[in-house]
Every structure is written in structure tokens, then in C-alpha cells.
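Number of protein chains: 2
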Amino acid sequence: MTARQPALEKRVELLDTTLRDGAQAEGISFSVRDKLAIVQTLDALGIPLIEAGNPGSNPKDLEFFEAIRGLRLAQATIAAFGATRRPGRDAAADPQVQSLLSAGTPAVVIFGKSWSLHVAEVLKTTPEENLAMIRDTVRLARSRVDRVIFDAEHFFDGWRADPDYALETLAAAAEAGADTVCLCDTNGGRFPDEVAAGTVAAIARLAGRAAVGMHPHNDSGVAVANALAAVDAGARHVQGTLAGFGERCGNVNLSAVLANLQLKRGYRCIPDEALARLTGAVRRVAEVANIILPDDLPYVGRKAFAHKAGMHMDGVHKCSASFEHVAPDVVGNARRFLMSEVAGRSAVLERIRRIDPAVQKSDPVVETVVARLKALEQEGYQFEGADASFDLLIRKALGTYQPLFELEHFRILSERPIRVDCGAFALIKIRVGGQSEITAEEGDGPVNAMDRSLRKALERFYPTLAEARLTDYKVRVLNGNAATEATVRVLIESTDGREVWSTVGVSTDIIEASWKALVDSIEYKLIRDLEAKAGRGA
Amino acid sequence: MTARQPALEKRVELLDTTLRDGAQAEGISFSVRDKLAIVQTLDALGIPLIEAGNPGSNPKDLEFFEAIRGLRLAQATIAAFGATRRPGRDAAADPQVQSLLSAGTPAVVIFGKSWSLHVAEVLKTTPEENLAMIRDTVRLARSRVDRVIFDAEHFFDGWRADPDYALETLAAAAEAGADTVCLCDTNGGRFPDEVAAGTVAAIARLAGRAAVGMHPHNDSGVAVANALAAVDAGARHVQGTLAGFGERCGNVNLSAVLANLQLKRGYRCIPDEALARLTGAVRRVAEVANIILPDDLPYVGRKAFAHKAGMHMDGVHKCSASFEHVAPDVVGNARRFLMSEVAGRSAVLERIRRIDPAVQKSDPVVETVVARLKALEQEGYQFEGADASFDLLIRKALGTYQPLFELEHFRILSERPIRVDCGAFALIKIRVGGQSEITAEEGDGPVNAMDRSLRKALERFYPTLAEARLTDYKVRVLNGNAATEATVRVLIESTDGREVWSTVGVSTDIIEASWKALVDSIEYKLIRDLEAKAGRGA
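Going down the list, the protein sequences come from chains A and B.
So for the first sequence, this note's numbering puts the first residue at 376; every next one is plus one.
So for the second sequence, this note's numbering puts the first residue at 376; every next one is plus one.
None of these hints come from the bench; they were simulated from the model.
Don't take each hint at face value.
Pairs involving identical chains hold if they fit within one copy or between any two copies, as the list cannot separate such chains.
[Stated by the list, open to error] In silico lysine to aspartate or glutamate, DMTMM-like type, Cα no more than 25 Å apart, as pairs:
1) Lys749 / Asp762
2) Lys804 / Glu898
3) Lys639 / Asp537
4) Lys749 / Glu725
5) Lys771 / Asp409
6) Lys771 / Glu874
7) Lys639 / Asp731
8) Lys435 / Asp465
9) Lys891 / Glu817
10) Lys693 / Asp568
11) Lys385 / Glu569
All chains should be built: construct the whole structure from the sequences, respecting the hints.
Here it is in C-alpha cells:
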């Protein structure tokens, strides 16, 4: 798929800072358990360096560094992170430096100032004292730790303002024993041409005494390109976060950097066989961090290989390279054809044929499904993330669908103060064939009570329902400005341990939207079971 | 703030394709009304060219092109979009070309194939016929329309595979009368160095007969850098979408492109005075498109100038350029200091002093607030987006808070089938001072019923409450894997026409989480009113 396939003898070392710089992102807060899970995910992917905060900054970090010593890693090295000593102090007596070294990690990252503006305005010290702070701290660390990486904060801004001084800070770190000097675009304001020029200057100044790295931020939207520009200019170390999150507009997205470098530029960043685990690893990190991964994330996003335009779908069918820059499975992602009003009849036909292969393009059912799709999209439905609901829509159009149960009545009660150990009750009466069942359940909130009562009522008729459970429940408010009267879309993901399916419901009432998605989920499960029993299951 | 401030004599023309390529994004579906609203937003921002789909592709598009003729625009030109004629047809007799020209727009964009692979595999025609298709279609369009822009689909892939042929397609379009030839990285797989080289080759081949543009996609995460590289190489036209959305990983984000070019590279893209409207325009487009704008979008995202690390906050206080690449107000955005456990005591102190300026750093109330913040964050609260709830938390710690009402009881009832024109009822009993009030309301769903009944009960005691209304209601499921039993966080935004405030509530029960956020919202309003009355209002 990729045209260049050189031997990957050139290496670029990656340092993931999800646990340190990534934790600066709004909305991110890691427990010790979360941090250990992320370390294991990064280690399994083959990321060689994992930066993990300052051991002394809070008790949670200290607990992490104790726990990590007990964790058996396949290949990754853990690095603690901290600042140079304060002005006018002895490095060995500086509590911050002491705490940095206290964790006994095999590597440390020490950051210091490279921008004279910061030295004067933020540190409020002299340029000479700042150089001494870098030298003293790096030297002390190097006497205790195998690898010392120096992060030159604001290097590119500093290099523009006062190039000699910025380069001098790098030389000070290298002379004191740092094996890698990392050039930081801390404010994320620089462009690839500036990064390339600064990197070339740094490499020339260091003359081989230390390797050069780059730490990009995305405030100008060019962080990935900045990392590539630095590597093109000779940098061999890149710092970022696997899913791209970090303070403000984020750190550079390491998943895109490594896929670009390894698939298209001939550099090895992780083992070749690990590349197919990339999408899974990024999604795992996002899950632990409890962030919603942007769907359009390069290479690993849910939409990264999703085709909606009818023309693009046709093109991909004819020749996948025609509309895909790399094959999705190379990075562990998958191609998707989206159902929507612009999808075109051929995509709808393909989905209909999965249920009834005999249907022809001219069959009026195709038009029926297309029209129903458009009408429901107008109401706020989206089937792009709800394949099982779309499957049921097709079955209803084909006339093969028969309702497996009917709702006679439900009533849900929420009250405060709570009188018993439960805030919500649901009463439900359903009918299956000629038989009625009435029952009740309690739950954590009205939706949970409804879910539990419906399953309880149905399990008598459909025992396989006990295998199914909801694994995700998402609420999207469609027109936020209407506040609590807004239309909401509920997406439910379910599994029975063999299959995973998604369903959707829309209403101004969250109870009703949840009810619709829930009914679709249960019906899909039951229909699939009946088909499997009849030997028609896929 | 920006170091380079050259005279902006150089222009780069922007074409926004939100209505065409942007509509290919998963989850995007525009009504005619939506499209008109987006055109007005782009026009007011000063985007000169707006691409708006194919007039004949569906009835909604035709309706739009009719409506747009009645809209008075300040400066923008509307362009229709369509393909070259089909192989072996007469251009004037090709229904697709006829429909493209039927709208009578002052500009058209015609796309054609520049990659020999596509000519052979997708079009299944000869290279010569493809050139004739481009020439015939452009020439016909040029005889009817003032401006014809040729989009060279897959130009960069084609140029790599067969440079002479790719360049020949451009020359064919220019000779036939296209005034601009736009080089597309349709699959988003190319890097800035490749874009620069291809652009230079295109400019040389065209020898001034047409202007050169660039149409980047973000599949490799370098779309913004690719646009900049093309401009550096001599391109003077960029196609993208203002908020960056589009098929797969999106089109290039035009807001970042224009801010970068205009603030840092000395090109004029929109009028200088419009730059401060950029953030508002992007948010408006996202609102109309009904997408949640990524918080970390460069320049315009909600987090783009948000500082969480205590150290960065201190730095920004000392010198804003020290941690910001541009001043947020230049692009109409705002700086934010986030409250969180890593925010540090000084940020908390600053917030306390807004309520009680006399509080000193050593006051035990600072520690109380920090501890409460940490404990609530553990439960799933986040105050970064809920300033009013944080304000109340401080007042409670200061001991100045007195409850303005007490809940005695509420009961909410949802049922199906609906017996009256309403799915949910709420009964509520509250106490204010020595007096009780009991009342009931109906609503669109349980949360809306609760909201309405609480306000109804309180308005007798607090008439100013009638001024306040909810403007946004967001639900975030915190631990999706627990499905309907999951913890949910509700964020509510309210306004009384003068101030906008945000509050938060967390619970496993969506009713309870909403109740907490709602009570905070009402209390905040009432406390602010009481303070304003006492002459202490800010």
C-alpha cells in the first residue's frame, strides 16, 4: 500500500508522557491503578520510554512509583520528571530535585529554561545562574541515574529570541551528562520550517555529544508535522502522548507520528508486529483516561477509514488504495461504510443483502429503506453507530420482522428523599403471544430500573436473554439550547459474549429514547438467536 | 504578541467546503435552513468562496440554491460543485454537468482525475479521454460562468505515480479556462515536503496561466502543515472547512490555516477586524452542524488557552507570552484557569478572593476548599466547566452560605403508553423559611418535569427566578462499561440575560445528578441577586 518500503534500520525513540503532560489536559485525572494500566498498554505496544510525573509532587505519584517497581515490564523504561534546582540553591539540597531522584527510576527527565525571557521574567534570575542550575541538576542526576534526558523548555521561542543563549543551555546539559537533549515547542506556536532550522542548529552545536529530540504541542495545529520536520532534520527522539491529549490543544499525537514515521518514512519506532495493535492501544489509553477519543483521529479514529460518499464507496470497492492512504488493518483499524442519506443505494443494497441475498437493485424495498433512513435522520436518528437498529429497520421493510413482545404499560417512579435503598422503581406489563407478564424492579435511576424490569419480564419467555448485557450507554443532547426539553439520542452497546451490537433511540424524553434503544437491543439478540437455531445464523 | 508583523499585502484566497466536503463527515446532515445559516456565518467572517454541493444531486440541494439567490451576502461568492463529464459523452448533454450549471452560481468547482490509477481503475477509460473530459467540461462551464476552479483529485498521489500525466491534467484545465487549479490530497496521505515539491512543479507547468491552490485532508495528521507548505511554495488558494470536519479524519481546519497565515506568516485571508470573530464563527458552524467541537481545536477550542498546571498559571500571571503563542482575544477566544487538584493553592486562593478579598494564603479555608475539590473529583465531579458550582463550594467553605430553600419531597412519574399529552409528571414540596409550597408540573421527560416544578414552587418566594433559564444541558456517562448503572455527570448552563453560569451534578441516577446541578444553578442565581441588592455584586 505504501510506496516506500525501505529497510527500517533508522530508529526514532519515542517517549510517551500521557501520565505527566497528558494529565495536564482538562478533564484528566488518573488513579494509581489507571496509571499502571496505561504503563502496561504502552509497554505492550513497544514504546521504549514512559514518563510518569514527579515522585514527590503528591502522595498518589509516590504510591505509583512504589507500585511500578513491582510491575514486570516487557521492554519499557520508566522515567521520573522534574525541574532543575531553584536559583541560588545547592542541587543536592533542593527538595524538588531530591524528590525527583527519590523514586530510583532508571531514567529521569529534567526540564530547564532555554528562553531568556523566561529566565528573566518567570525564574527572575540571571542567564549564568540558569546555566549553572541546568549543569548542577543534570550532573547530580547523572551520578545517580543511568539515563538523563534534558527537556529544553521553550527552546524554539528562545532560539528565535536569543539563539546563542538557547543553544548554550543545550550544551550545558550535554556537558553535564545528559545523553538526550529534547527541544520543546512548549507553547505550540512554531512551524515545521522553524523546527527544522532550530533542530539543525542544535545538532551542530552539540556536535554529537548528545542525541537531539523534539517535544511538540499542537496549538498551531502542526504538531505532527513539527515532529516529522525535526526527524527529517536529524532528531532521533520524540516526546508526545499516544492519544494526543495534553494541556490546551494537546501534545503531539504519538500514534500519528509513529504510523507516519514507520509506514511512510522508513524509521522504526516500535516492533513491526506491534503496529497492528496500535488502534487497540490508543483506544485502551482513552478508555482508562475516560476521554472520548476524537472519531477523526488519524490512523486510529473510528472514522479514520469510514466512507460515506457514495462515490468514495464505489472507488474503495474497485480499488482500496484509490481512497485510502494506508490499509486500515496495518494499524489495527477497520474500514467502515456508513449508512446515511448520502450513502447511496448501493451501500443500502449491500446491507439488505446481508439479510436477504436475493434482493436485487431494482427491488422496491431498497427505496423503502432509503426513504425510511432519510425520514429517521431528520428526526435525529443516526445509524452510523447503530448497526443493529439498522438491521431491524431492514427486517421491518422486508416484512420478515415480527414483534417478539408488546409493551402493555410501564410506570417509573423516582423520588427523594429515598425511603428504601433505591431511588427508582419501574413497573412493567408486557405481552408475548397470548400471555401477559407483569413485574417490577428497582434500579440506580429510572433507566436502570426500566432495563432491569424489562429483562425480568422477558426472561421467562426468552431464557437466552440472560446471556446479553449492556456494555455501553451513551446520551447525546441534540439541541442543547432547548436545555432539559432538548431532543436526546441514546446509543446502547450490548454483547452476549459472542457478538457486540449497537442500537439507537431518539426522543425529547430520555426515558423514551432509552426504551427504544433497549427494545432494539433485546429484539436484535432474540432474532439472531432464532436465526442461529434455524441454522441461518451468520 | 506575534514577532513578525509584516504588512499583509500578500493574499491567500480561502474556499470553505463545509456544505459539500464537510457534509461527508459521519454524523453531519444539513437542512436547507442550516446551510443558509452557515453561509451567513462564513460571509460575515469574510471567507470569499463558499462551496455548496451539486444543485442536482438531491431536492434539498436544489431548494438551497433557490433560497441562496434571495440571500443578500456581504462579500462571499457561492460555488456549485460537480464532476467532469462522463467518458464518451458530450459535456453539454451530460445530466450531471447540466445540473451543475443549472443553479446559475457565479462560480463553479469542477473536479477531475489527476491520478492515472483512478483513470484506469475507477473511471475505466483512457488517459486521453480523461484529458478531453476535463477540457470539455471546463470549457463549457467557462462559457456560462465567471469563475471556474478545477479540483485535481488525488493530484499528489498521481504526481508521485506519473508526474507528467498529473501535470498534463492541470494544463488541460488551465487551457480550457480554469482560473484556479486546486491540488487535492484526497486521501490525506501526503507530507509537507511532498506537497511543497508538487506545488512547485504545478506552478512551473502552468507558467502563470492559472493560480494554484491546495485541498488537504487530515488522514496523516498534517493537513494544516500541508496547507502552509503549499502556500510557502506559491499556492494562493486553500480549500478546507472552518471547523475541520469532513470525511474520515476531516478536511483541513481552515480556522487554524487562516490564523496561522494571517497572524504568523503575513498573508491576508480575511479582513483584520474579522479575526476577533473567528472563535464565534467556528462555534456557530459547529452548533448548526450539531457537532461537539473538539475542545482542543487550535486557536478556537474551549481549552486552547486553558491553563491547568500550577506552574503554567504562575507563568501566565507573570507574563502572558510565556505560555501562550498568541493572545487569546486576537482570535476571539478567552484564557481560562482551570480548577482541579493539580491547579495548586494559588489558583484556588485567587478564586476564593473573588468572593472574599480579605482571605490570606495561610487561611485554613484554602486547605478546606482544596481538600473538598480533591474529594469531589474522586467522585466524578469536575469544576473546570462548572464555575458557579465551584463558587458555591467556596461559599459553603467560607461559612457565608445559607440554604435558600429545602427540599421536603419530590416524586417523578414516567409512564407509557402516554395517557395525556405528557410523558412525565413531577410532584414537589419545598420549604423556604417557615413556609412550605407543594406543586406539580408536567414535562418532556422526567428531568424537564422536575426543572419546571422546582421553578414553579420557588417563584412565589423568589420572583427574579423568572429571569433565569437553562441554555444547555449535557450528560456525560463516566464509566460506560457499567451501562445503565453508570455514574453520570450532568452539566447545566444557565443565563438570566446578563450573566451565564455553569453548574454540575454527579450520581448513578440521572435524575439525582440533574437535581444537584439544577439546585446549584438556582442557588447561584439567587445569591448573585441578593448580593446585587446589597450593593456587593460584581
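Evaluation of the provided hints:
1. Lys749 / Asp762: For Lys749 and Asp762, only the intra-copy Cα distance (16 Å) is at most 25 Å; the inter-copy one is 40 Å.
2. Lys804 / Glu898: For Lys804 and Glu898, the Cα distance is within 25 Å only inside one copy (17 Å; across copies 40 Å).
3. Lys639 / Asp537: The answer is between: 19 Å across copies meets 25 Å, while 35 Å in one copy does not.
4. Lys749 / Glu725: So Lys749 and Glu725 pass the 25 Å test inside one copy only (17 Å; across, 52 Å).
5. Lys771 / Asp409: neither (44 Å within a copy, 31 Å between copies)
6. Lys771 / Glu874: Intra 21 Å, inter 50 Å, cutoff 25 Å: intra-copy only.
7. Lys639 / Asp731: Neither. Shortest intra-copy (42 Å) and inter-copy (58 Å) distances fail the 25 Å Cα cut-off.
8. Lys435 / Asp465: Neither, since 27 Å and 72 Å both go past 25 Å.
9. Lys891 / Glu817: both (20 Å within a copy, 21 Å between copies)
10. Lys693 / Asp568: Neither: 39 Å inside a chain and 30 Å across chains, both beyond 25 Å.
11. Lys385 / Glu569: both (24 Å within a copy, 20 Å between copies)
Going through the hint list in order, the structure does not satisfy hints 5, 7, 8, 10.
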